[in-house]
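J.: Make a model of the complete structure from these sequences and hints.
2 protein chains.
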Amino acid sequence: AKLMSENRIKGVIGMGGGGGTYIALTAMQEIPLGVPKLCLSTMTGKDLSGLMGRKDITLMPTIVDMAGLNSISRMLIKQAAVCICAMSNVTDVNATAVAGRIAISMFGNTSACVDKCIELLNGKGYEVFPFHANGIGGRTMESLIREAYFDAVLDITTTELADDLCGGICSAGPDRLDAAAELGIPQVVVPGCLDMVNFGRCETVPRHYKGRDFYSWSPEVTLMRTNKEENKILGERLVQKINNSSAPVAIVLPTKGISQIDAEGGVFYHPEIDKVLFDTIKEHSKEKINVIEVDAHINDEKFSTKLVTVLLEMMKIEGRG
Amino acid sequence: AKLMSENRIKGVIGMGGGGGTYIALTAMQEIPLGVPKLCLSTMTGKDLSGLMGRKDITLMPTIVDMAGLNSISRMLIKQAAVCICAMSNVTDVNATAVAGRIAISMFGNTSACVDKCIELLNGKGYEVFPFHANGIGGRTMESLIREAYFDAVLDITTTELADDLCGGICSAGPDRLDAAAELGIPQVVVPGCLDMVNFGRCETVPRHYKGRDFYSWSPEVTLMRTNKEENKILGERLVQKINNSSAPVAIVLPTKGISQIDAEGGVFYHPEIDKVLFDTIKEHSKEKINVIEVDAHINDEKFSTKLVTVLLEMMKIEGRG
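So the sequence lines, in the order shown, correspond to chains A and B.
First residue of the first sequence? That's 1 in UniProt numbering, and the numbers climb one at a time after it.
First residue of the second sequence? That's 1 in UniProt numbering, and the numbers climb one at a time after it.
The set of hints was computed from the structure by calculation and includes no laboratory data.
These numbers come from a predicted model, not from an experiment.
Here a beta-carbon is modelled for each residue, glycine too, at the ideal position from N, C-alpha and C.
Incorrect hints may have been included.
[Unchecked claim] With a cut-off of at most 20 Å between alpha-carbon atoms, the simulated DMTMM-like pairs for lysine to aspartate or glutamate come out as follows:
1) Lys55/B - Glu220/A
2) Lys55/A - Asp151/B
3) Lys46/B - Glu220/A
4) Lys46/B - Asp47/A
[As the list claims (entries may be wrong)] According to the in silico footprint, chain A covers these stretches of chain B (three or more CB under 8 Å from chain A):
5) 54 to 61
6) 275 to 287
[To be verified] So the derived label-pair ranges between C-beta atoms look like this:
7) Asp175/A - Gly173/B: 32 to 42 Å
8) Lys10/A - Glu318/B: 44 to 54 Å
9) Met4/A - Arg201/B: 49 to 59 Å
10) Arg201/B - Leu183/A: 33 to 43 Å
11) Asn290/B - Gly17/A: 30 to 40 Å
12) Ile317/B - Met4/A: 35 to 45 Å
13) Pro32/A - Tyr22/B: 45 to 55 Å
14) Lys10/A - Val267/B: 42 to 52 Å
15) Gly108/A - Asn244/B: 44 to 54 Å
16) Met4/A - Asn290/B: 53 to 63 Å
17) Tyr209/B - Ala27/A: 35 to 45 Å
18) Gly17/A - Tyr209/B: 58 to 68 Å
19) Ile169/A - Cys202/B: 19 to 29 Å
20) Glu293/B - Asn89/A: 55 to 65 Å
T.: What follows is the structure in structure tokens.
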């Protein structure tokens with residue numbers, strides 16, 4: 001960290017077996033995005049996703065075990081060496097002037113909304129960074145918010161809170177939605193896809209959810225409709241996390257449904273459950289939080305246009321736009 | 001495959017989300033070792049080990065989701081591009097003349113034996129390629145044998161057969177030990193570590209194994225002693241796989257124990273179980289298979305010396321030494 005702050009690191013390379021890989025990948029977590037990181041490892045046959053996911057770490061297998069050198073290990077070590085050198089010499093591609101950088105959270109079920117927001121924001125000269133709200137995406141976004149990478153956050157898909165509450169497979173941990181409030185970054189928050197919890201194949205759904213509403217999004221993904229009790233808790237949690245932000249915060253509620261399948265005629269369409277969520281959010285929000293109801297579905301153009309308008313106004317006030 | 005055979009591929013690069021990553025990594029399975037392969041993927045937060053393990057594929061995360069370009073994706077794409085170019089221009093490091101290339105299978109429990117064999121073989125000018133017998137290691141070795149990468153195989157650690165039989169976590173699939181026999185590569189086979197099956201943390205051991213002998217190798221690895229019935233099946237399977245090899249095959253049996261912990265005073269020391277294994281092997285081996293008993297423990301120098309002597313004799317006969 002000291003060397004990093006002195007700007008003395010152009011790239012980081014590690015190599016190891018079981019222990020060495022763990023040490024190298026853990027150390028690389030401290031190195032900011034954009035500084036190349038490469039790890040040559042005997043462990044790529046194991047699940048290293050927990051150590052990889054949030055950082056731009058390049059992973060290369062050793063193929064053979066670490067026991068003396070041979071032509072395979074020599075070749076791969078040489079390839080790794082030229083890789084890290086070449087990556088370290090990549091000139092900065094961030095140089096293009098942009099109005100500001102905006103993080104955005106997405107899901108298949110909100111992508112119409114997100115796509116429109118990106119189009120509108122790009123048109124205004126903003127650079128937009130989409131994160132897939134599948135747990136790792138949310139964690140990565142939070143981690144980059146903490147690195148002060150963004151001028152504002154358009155958190156359209158806060159679904160990871162539902163997975164965290166109900167034990168779904170896309171939880172981003174209990175700290176999701178904390179970073180922007182803690183660092184005072186302006187944000188517009190939408191309870192997008194809080195109607196659903198993600199599980200894997202249907203046989204993996206915990207038994208205690210027997211009798212609930214399910215929808216098979218794909219053979220590998222089973223969605224569970226959240227109920228009234230859960231939406232009350234989710235509304236409270238969502239508001240609690242952003243109530244104390246030092247920066248402007250707006251919550252925008254799409255009254256005609258919060259996901260693609262929570263639309264009139266859709267399999268998860270239960271306006272009476274969404275009403276519990278919206279009422280809880282309105283009830284618990286501090287006065288300074290701007291809670292806006294829009295008479296539209298989350299994927300309607302009317303809704304995304306409103307989101308962008310609200311966000312850009314907030315950024316203008318903050319001098320970040 | 002056609003382009004590859006015409007020597008028109010210097011490197012392969014892929015980029016994708018869920019589907020694209022799968023397509024890219026699957027296509028890369030067809031490209032031989034040493035031709036650089038790089039995949040830029042949104043999926044590094046998921047377990048890709050099944051698609052990565054056997055090949056020298058370099059994996060790089062996209063950090064942001066695939067939805068338009070931004071400074072993060074542009075930077076990482078540029079880094080990926082310079083990487084594959086640099087790797088493709090690595091000059092061949094295989095050029096050093098060696099007497100021959102030998103694959104060897106290892107485990108913590110056989111490493112004294114393997115280390116000594118490597119030392120002896122290196123001393124004779126052979127290049128030795130160690131593979132960790134943890135499932136992926138065995139699969140990788142088999143796959144490289146099929147690429148005709150080796151002149152001979154010294155298969156000291158055939159333990160993956162036990163994991164395949166008993167549902168352990170280090171199975172290399174049912175095809176382990178098939179490649180050398182099918183391709184007619186000379187091999188010396190040892191039933192190393194067939195006394196053990198690998199499981200994860202002790203609470204993950206299947207219930208039907210209750211009452212068996214266990215040893216906690218590390219908090220993450222629980223070993224189960226194989227019993228007489230299993231050793232009878234393992235002996236039969238081992239022999240069956242190599243009985244029809246067109247190349248010379250020797251099976252060498254260490255009568256004083258087949259793993260570090262199957263030594264006098266060791267926690268898995270049960271000579272009466274090993275005897276079932278050895279007797280089954282002797283009974284089922286075809287006459288042309290050279291079955292040799294050595295009155296030593298697998299990690300004794302006497303044993304490794306014998307292995308190397310037998311292997312080099314076989315290679316000389318085959319004109320591969």
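J.: All hints, please: hold or fail.
T.: Outcome of the hint check:
{"no.": "1", "hint": "Lys55/B - Glu220/A", "verdict": "violated, 26 Å"}
{"no.": "2", "hint": "Lys55/A - Asp151/B", "verdict": "violated, 41 Å"}
{"no.": "3", "hint": "Lys46/B - Glu220/A", "verdict": "holds, 13 Å"}
{"no.": "4", "hint": "Lys46/B - Asp47/A", "verdict": "holds, 8 Å"}
{"no.": "5", "hint": "54 to 61", "verdict": "holds (count 8)"}
{"no.": "6", "hint": "275 to 287", "verdict": "violated (count 0)"}
{"no.": "7", "hint": "Asp175/A - Gly173/B: 32 to 42 Å", "verdict": "holds, 40 Å"}
{"no.": "8", "hint": "Lys10/A - Glu318/B: 44 to 54 Å", "verdict": "holds, 50 Å"}
{"no.": "9", "hint": "Met4/A - Arg201/B: 49 to 59 Å", "verdict": "violated, 36 Å"}
{"no.": "10", "hint": "Arg201/B - Leu183/A: 33 to 43 Å", "verdict": "holds, 38 Å"}
{"no.": "11", "hint": "Asn290/B - Gly17/A: 30 to 40 Å", "verdict": "holds, 34 Å"}
{"no.": "12", "hint": "Ile317/B - Met4/A: 35 to 45 Å", "verdict": "violated, 59 Å"}
{"no.": "13", "hint": "Pro32/A - Tyr22/B: 45 to 55 Å", "verdict": "violated, 30 Å"}
{"no.": "14", "hint": "Lys10/A - Val267/B: 42 to 52 Å", "verdict": "holds, 49 Å"}
{"no.": "15", "hint": "Gly108/A - Asn244/B: 44 to 54 Å", "verdict": "holds, 51 Å"}
{"no.": "16", "hint": "Met4/A - Asn290/B: 53 to 63 Å", "verdict": "holds, 59 Å"}
{"no.": "17", "hint": "Tyr209/B - Ala27/A: 35 to 45 Å", "verdict": "holds, 38 Å"}
{"no.": "18", "hint": "Gly17/A - Tyr209/B: 58 to 68 Å", "verdict": "violated, 28 Å"}
{"no.": "19", "hint": "Ile169/A - Cys202/B: 19 to 29 Å", "verdict": "holds, 25 Å"}
{"no.": "20", "hint": "Glu293/B - Asn89/A: 55 to 65 Å", "verdict": "holds, 59 Å"}
Going through the hint list in order, the structure does not satisfy hints 1, 2, 6, 9, 12, 13, 18.
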